[in-house]
Structures are given as C-alpha cells and as structure tokens.
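> Just so you know, the protein sequences line up as chains Z and E, in that order. Counting from 1, position 91 in the first sequence corresponds to residue 91 in the numbering used here; the numbering is continuous, with no gaps. Counting from 1, position 33 in the second sequence corresponds to residue 1033 in the numbering used here; the numbering is continuous, with no gaps.
Mixed in with the good hints there might be a few duds.
What follows is a list of derived Cβ distance ranges for each label pair [unchecked claim]: (1) E:A1032 <-> Z:Q243: 46 to 56 angstroms; (2) E:R1031 <-> Z:G56: 32 to 42 angstroms; (3) Z:D149 <-> E:F1012: 20 to 30 angstroms; (4) Z:M169 <-> E:L1010: 35 to 45 angstroms; (5) Z:N233 <-> E:D1014: 21 to 31 angstroms; (6) E:Y1011 <-> Z:K153: 33 to 43 angstroms.
The calculated lysine to any residue pairs, modelled on SDA-like cross-linking and capped at a C-alpha distance of 20 angstroms, are [claimed, not checked]: (7) E:K1079 <-> Z:N214; (8) E:K1056 <-> Z:E197; (9) Z:K228 <-> E:A1080; (10) E:K1079 <-> Z:R31; (11) Z:K228 <-> Z:S189; (12) E:K1079 <-> Z:V73; (13) E:K1079 <-> Z:D194; (14) E:K1005 <-> Z:R229; (15) Z:K232 <-> E:T1069; (16) Z:K232 <-> E:Y1011; (17) Z:K232 <-> E:I1007; (18) E:K1079 <-> Z:D72; (19) E:K1079 <-> Z:L171; (20) E:K1056 <-> Z:D194; (21) Z:K232 <-> E:D1003; (22) Z:K222 <-> E:L1010; (23) E:K1079 <-> Z:P49; (24) E:K1079 <-> Z:D211; (25) E:K1056 <-> Z:L171; (26) E:K1079 <-> Z:L132; (27) E:K1056 <-> Z:Y199; (28) Z:K228 <-> E:L1008; (29) E:K1079 <-> Z:H131; (30) Z:K113 <-> E:E1071; (31) E:K1079 <-> Z:E184; (32) E:K1005 <-> Z:R230; (33) E:K1079 <-> Z:E71; (34) E:K1079 <-> Z:R229; (35) E:K1056 <-> Z:G200; (36) E:K1056 <-> Z:R168; (37) Z:K147 <-> E:N1070; (38) Z:K228 <-> E:Y1011; (39) E:K1056 <-> Z:R31; (40) E:K1005 <-> Z:D194.
Simulated from the structure, these hints should not be mistaken for lab results. Note that CB positions come from ideal geometry on N, CA and C, so glycine has one too.
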Amino acid sequence: MVSRTTDDYQAMVMAGCQAVCEPAFWAGFDRSSAQGFYDYFCQLTQHEPRRASMFGLPHYTWLCINPKESEDVGLAEEVLAIIPEFMKSPNVLGIGEIGLNKNSRNEVAVLEKHIDLAASNDQLILVHTPHLEDKRKGTRLILDILKADSRIKPERCIIDHVEEHTVRMVLDDGFWAGMTLYPETKCTSNRAIDILEVYGTERIWMNSACDWGNSVPLAVPKAMQEMKRRGKNASYVDQVVYQNPIAFMSQSPRFSEPEGV
Amino acid sequence: MADRKNILDLYFLDARARLIDIAAFMDRVNRAEGETDFRYDQFQDALKALESDQPKRAENVLLAFSDPTNEPIPVATTKAACGAWPGEGNND
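In isolation and in its complexed conformation, chain Z is listed as follows (with noise of 0.2 angstroms):
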C-alpha cells in the first residue's frame, strides 16, 4: 500500500488480514508524465509485493492511468501503452482502477481504451465510480460502456464504491458490486451492512481504504464486528468479507487463494 507506513501492514496481518489488493490511483497530485507512470507501476511489481511480503501478506495489484488523470487524453495513451510490459507481473490482477471522475467526454474516451486494453488481454476488470454528486451519472454510464462492448463479461468486472443509489443498478446488470468503507465519504460499516441486508451477499463485497487521505485500513475488520453484533453468524461474515473476493480475484490465473490461518 504506497500511501501508508508498515504500522499498517503490521494492524492488518494482526486483524487477519491474508492479502492485499491494491488498485492503480491517484496520488493527490497530477504525475507529470508517462514516465512517472512507469515508476509507479514499477512500485506496484516489484517494491510494494516485496515491503508486503515482509509480514506474509501476498500483494495484488491492478493498472490503469486513474479517472482524475484522464482529461489529457495524450498521457493516457502514452500510459496505456506502457502498460501490457508490466500485465506480465505475477501480482496484475487486471485493468483497474479505471472508471470517471467528473463525467467529461475525454474521461469516457480514456475509459473505453482501458476496457478494450482489458478485453483484448483477457483481464479482470476494477472499476472507480465518481464521487458524491457525480456518483450516480457516473456509474450509469460505466455501466452503459461495459455493456455496449460484447466481449466484457460483467461476472469478471466489479463496480466500486458503490451506496444505496447506485448498488441496485450494479447488481440488476449482473457486475459485482464493490462497497468501499470510509470514516466520511463513500460508505460508512453500518450502512454497508443495511445494503448487505437489503440486496443479499452474492457479487458483492466490502473494501477498506488505505490511502492517503482519511481512511482506516482495518474497516474490514470493524465492519465484521459490526456484523456480528447485528446478529450475523460466522458463515454470513465469511461469505462476504473472505469467500466473495477470492471468488472474484480467482478469475485470475494470478491469483493464489490465501492458506488461512
């Protein structure tokens, strides 16, 4: 996980944390170049697998040029095209986190390379939708982009950060539905769980943030609190915080399922 200390690593393995998966992002600031992508991308290979592999934990990534970086549509081709090199590491899982930010045409021109990029290398797909007030145009036309392509099967592409106003619509088109734990934005454990109550635990799954802003890389573990206090017994927990992602992730030739504990 770039954006945090080994503390962290050290909480998750103790919490029972058994991988990480961690998506191409924004930094927090525009990367200047391609090859600042490169140099990220080498990060994500060899560096951040190595620091993870320092507490057990096996560390899967994905790639992509993030939605906040692609109204340059002339960078993100320079991206994208540095890209396949590095789909041959053994932690790529896919082609992620790609998706919009504000909605503009050149975010969904950059998006649509990144979903023919996946479909012609037989990728999983880890889709960002935007935040707050864009979030619900935003996941429709995601949606509306991954069905107008007939190779992308929706089994093998999961929706983040979904919330009640956009989970029904993921789920109706038969994509997974990612529900991204968060202390403010996004979604809260508790509210995670009432979707889970209301919309049934298959294809979908809840993530914690671990990034460079306000988040708690040990939300994962709350929220199954949370859930057993709400009555939930150790099977339901199971499906959906271990059993769903490994589910998902095994698309992936790449992918090891855990040893457990």
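Go by the hints and put chain E onto chain Z.
Frame of chain Z; chain E shown alone:
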C-alpha cells in the same frame, strides 16, 4: 428479520447524536451572515426524504444531491466533487 427494539438498542444514541449535529449545523447557518448557495438548497431538499415512511430514505438523500443529467460534460474543469450538484454548465 431484525427486531426493531434491538436496532434501537444498538443505534438510537448514535443516531440521536447525529441528528443533534445536523440541527446544530442548521442553527450555525442561520446565525451566520450572507447568502447560502445550492448546497444548502439541496440539503433542505434532502431532509424531506426523511419524512417518508418507506425504507428508501438513504437512497433518496443521495439522489437529492446527485447530478440528474445523463450525458458526459464537455470538459472536466475541476477534479473535486463538492457534495451537491451545482447545475448544468456550473462544474467549476
């Protein structure tokens, strides 16, 4: 099916505290000078979703703040979202 008394036991005090925070926020806006903007207009619209007796309040609060249009915008002139839709052609 969950028992309502159990849900109240687990979450009433937390929800009560958050409701007071919302009320205090609205009082704070009232005490301050000047005009509010589209954010507060949508905030007050979103509050109306709480009056429903149907279990879609959270969804409807999110929709009250959401961009209702369907076509991509011409250019992204900002990276950040602000929490409420500023209206068409006002994405700065």
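> Take the hints in turn and mark each one as holding or not.
Hint by hint, here is what the structure shows:
1. A C-beta distance of roughly 51 angstroms is found between A1032 (chain E) and Q243 (chain Z), which places it inside the suggested range of 46 to 56 angstroms.
2. At roughly 54 angstroms, the beta-carbon separation of R1031 (chain E) and G56 (chain Z) lies outside the given 32 to 42 angstroms, and the hint is violated.
3. Our hint of 20 to 30 angstroms for D149 (chain Z) and F1012 (chain E) is violated, since their Cβ atoms are close to 48 angstroms apart.
4. Between M169 (chain Z) and L1010 (chain E) the beta carbon distance is about 30 angstroms. The supplied range of 35 to 45 angstroms is therefore violated.
5. Hint check: N233 (chain Z) to D1014 (chain E), Cβ distance near 24 angstroms, so the stated range 21 to 31 angstroms holds.
6. About 39 angstroms separates the C-beta atoms of Y1011 (chain E) and K153 (chain Z), a value consistent with the hinted range of 33 to 43 angstroms.
7. For the suggested pair K1079 (chain E) and N214 (chain Z), the alpha carbons sit about 18 angstroms apart, so the restraint of at most 20 angstroms is met.
8. A hinted pair counts as satisfied when its Cα atoms are at most 20 angstroms apart, and K1056 (chain E) with E197 (chain Z) qualifies at roughly 13 angstroms.
9. About 36 angstroms separates the Cα atoms of K228 (chain Z) and A1080 (chain E), which puts this hinted pair outside 20 angstroms; it is violated.
10. In summary, the hint linking K1079 (chain E) to R31 (chain Z) is supported, as the alpha carbons are separated by about 14 angstroms, within the 20 angstroms threshold.
11. At most 20 angstroms may separate the alpha-carbon atoms for a hinted pair to count; K228 (chain Z) and S189 (chain Z) meet this at roughly 12 angstroms.
12. Taking the CA atoms of K1079 (chain E) and V73 (chain Z), the gap is near 15 angstroms; set against the 20 angstroms cutoff, the hint holds.
13. Proximity of K1079 (chain E) to D194 (chain Z) is assessed by CA-CA distance (about 30 angstroms); at most 20 angstroms being required, the pair is judged violated.
14. For the hint pairing K1005 (chain E) with R229 (chain Z), the CA-to-CA distance comes to about 14 angstroms; that is within 20 angstroms, so the pair holds.
15. Restraint check for K232 (chain Z) and T1069 (chain E): not satisfied, since their Cα atoms lie roughly 39 angstroms apart, outside the 20 angstroms limit.
16. Straight-line distance between C-alpha atoms of K232 (chain Z) and Y1011 (chain E) comes to about 16 angstroms, which keeps the hinted pair within the 20 angstroms bound.
17. For the suggested pair K232 (chain Z) and I1007 (chain E), the alpha carbons sit about 13 angstroms apart, so the restraint of at most 20 angstroms is met.
18. At roughly 13 angstroms between alpha-carbon atoms, K1079 (chain E) and D72 (chain Z) fall within 20 angstroms of each other, so this suggested pair holds.
19. Between K1079 (chain E) and L171 (chain Z) the CA atoms are separated by roughly 28 angstroms; this puts the pair beyond 20 angstroms, and the hint is violated.
20. Restraint check for K1056 (chain E) and D194 (chain Z): satisfied, since their Cα atoms lie roughly 11 angstroms apart, inside the 20 angstroms limit.
21. A threshold of 20 angstroms between alpha carbons decides the hint, and for K232 (chain Z) with D1003 (chain E) the separation of about 13 angstroms falls inside it, so the pair holds.
22. Among the hinted pairs, K222 (chain Z) with L1010 (chain E) is consistent with the structure: their alpha-carbon atoms are about 15 angstroms apart, no more than 20 angstroms.
23. A threshold of 20 angstroms between alpha carbons decides the hint, and for K1079 (chain E) with P49 (chain Z) the separation of about 30 angstroms lies outside it, so the pair is violated.
24. Our distance criterion of 20 angstroms between C-alpha atoms is met by K1079 (chain E) and D211 (chain Z), whose separation comes to about 17 angstroms.
25. Among the hinted pairs, K1056 (chain E) with L171 (chain Z) is consistent with the structure: their alpha-carbon atoms are about 17 angstroms apart, no more than 20 angstroms.
26. Annotation: proposed proximity of K1079 (chain E) to L132 (chain Z) holds, straight-line Cα distance about 12 angstroms (limit 20 angstroms).
27. For the given pair, K1056 (chain E) sits about 13 angstroms from Y199 (chain Z) by alpha-carbon distance, which is consistent with the 20 angstroms threshold.
28. Among the hinted pairs, K228 (chain Z) with L1008 (chain E) is consistent with the structure: their alpha-carbon atoms are about 16 angstroms apart, no more than 20 angstroms.
29. Note on K1079 (chain E) and H131 (chain Z): the hinted pairing holds, with a Cα-Cα distance of about 10 angstroms set against a maximum of 20 angstroms.
30. With a C-alpha separation of about 19 angstroms, the suggested pairing of K113 (chain Z) with E1071 (chain E) holds against the 20 angstroms cut-off.
31. Restraint check for K1079 (chain E) and E184 (chain Z): satisfied, since their Cα atoms lie roughly 19 angstroms apart, inside the 20 angstroms limit.
32. For the suggested pair K1005 (chain E) and R230 (chain Z), the alpha carbons sit about 12 angstroms apart, so the restraint of at most 20 angstroms is met.
33. For the suggested pair K1079 (chain E) and E71 (chain Z), the alpha carbons sit about 10 angstroms apart, so the restraint of at most 20 angstroms is met.
34. This hinted pair does not check out: K1079 (chain E) and R229 (chain Z) have alpha carbons roughly 38 angstroms apart, beyond 20 angstroms.
35. For the hint linking K1056 (chain E) to G200 (chain Z), the alpha-carbon distance of about 16 angstroms falls within 20 angstroms, and the restraint holds.
36. With a CA separation close to 12 angstroms, the supplied pair K1056 (chain E) and R168 (chain Z) stays within the 20 angstroms bound.
37. With a C-alpha separation of about 16 angstroms, the suggested pair K147 (chain Z) and N1070 (chain E) falls inside the 20 angstroms cut-off, and the hint holds.
38. About 14 angstroms separates the Cα atoms of K228 (chain Z) and Y1011 (chain E), which keeps this hinted pair within 20 angstroms; it holds.
39. Between the alpha carbons of K1056 (chain E) and R31 (chain Z) the distance comes to roughly 41 angstroms, so the proposed pair goes past 20 angstroms and is violated.
40. Between K1005 (chain E) and D194 (chain Z) the CA atoms are separated by roughly 16 angstroms; this keeps the pair inside 20 angstroms, and the hint holds.
Consistency note: the structure conflicts with the earlier hints numbered 2, 3, 4, 9, 13, 15, 19, 23, 34 and 39.
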